[in-house]
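Colleague: Sequence:
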Amino acid sequence: RRLANDKIYQVANALNLKCEEFVSLDEKKKTLVFGSFALVESFLKEWSDKK
1 RRLANDKIYQ
11 VANALNLKCE
21 EFVSLDEKKK
31 TLVFGSFALV
41 ESFLKEWSDK
51 K
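Heads up: the sequence shown is residues 1 to 51, going by the UniProt record's numbering.
These are computed hints drawn from the structure, not numbers from a lab. Backbone N, C-alpha and C fix where the C-beta goes; we use that ideal spot for every residue, glycine too. Treat the hints loosely; a few may be bogus.
[What the hints assert, rightly or not] Subject to a maximum C-alpha distance of 20 Å in a straight line, what follows is the list of computed EDC-like cross-link-like pairs (lysine to aspartate or glutamate): (1) Lys45 x Glu27; (2) Lys50 x Asp26; (3) Lys50 x Asp6; (4) Lys28 x Asp49; (5) Lys7 x Glu21; (6) Lys30 x Asp49.
[Claimed, not checked] Using C-beta positions, here's what the derived DEER-type ranges look like: (7) Asp6 x Lys28: 15 to 23 Å; (8) Asn5 x Leu25: 12 to 20 Å; (9) Ala4 x Ser36: 17 to 25 Å; (10) Asn16 x Lys45: 15 to 23 Å; (11) Ser48 x Glu21: 15 to 23 Å; (12) Ser48 x Asn16: 26 to 34 Å.
Produce the entire structure from the sequences given, and follow the hints as far as they go.
Modeller: Below, the structure written as structure tokens:
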């Protein structure tokens with residue numbers, strides 16, 4: 001499921017993790033996407049449709 005950005009940033013900061021807003025996929029770089037099959041499929045479809 002998608003979490004509100006504020007919550008994601010709060011959790012990342014609490015864990016001392018760098019976090020920034022995702023804006024695009026670079027086809028020249030390898031990208032690791034993880035989650036359920038449905039989540040990954042939805043994510044990749046959404047970004048491929050934006051091309």
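Colleague: If a hint holds in the structure, say so; if it does not, say that too.
Modeller: Hint-by-hint comparison with the structure:
no.: 1; hint: Lys45 x Glu27; verdict: holds (14 Å)
no.: 2; hint: Lys50 x Asp26; verdict: holds (13 Å)
no.: 3; hint: Lys50 x Asp6; verdict: violated (24 Å)
no.: 4; hint: Lys28 x Asp49; verdict: holds (18 Å)
no.: 5; hint: Lys7 x Glu21; verdict: holds (13 Å)
no.: 6; hint: Lys30 x Asp49; verdict: holds (19 Å)
no.: 7; hint: Asp6 x Lys28: 15 to 23 Å; verdict: violated (31 Å)
no.: 8; hint: Asn5 x Leu25: 12 to 20 Å; verdict: holds (19 Å)
no.: 9; hint: Ala4 x Ser36: 17 to 25 Å; verdict: holds (19 Å)
no.: 10; hint: Asn16 x Lys45: 15 to 23 Å; verdict: violated (33 Å)
no.: 11; hint: Ser48 x Glu21: 15 to 23 Å; verdict: holds (19 Å)
no.: 12; hint: Ser48 x Asn16: 26 to 34 Å; verdict: holds (33 Å)
Comparing the model with each earlier hint shows violations of hints 3, 7, 10; every other hint is respected.
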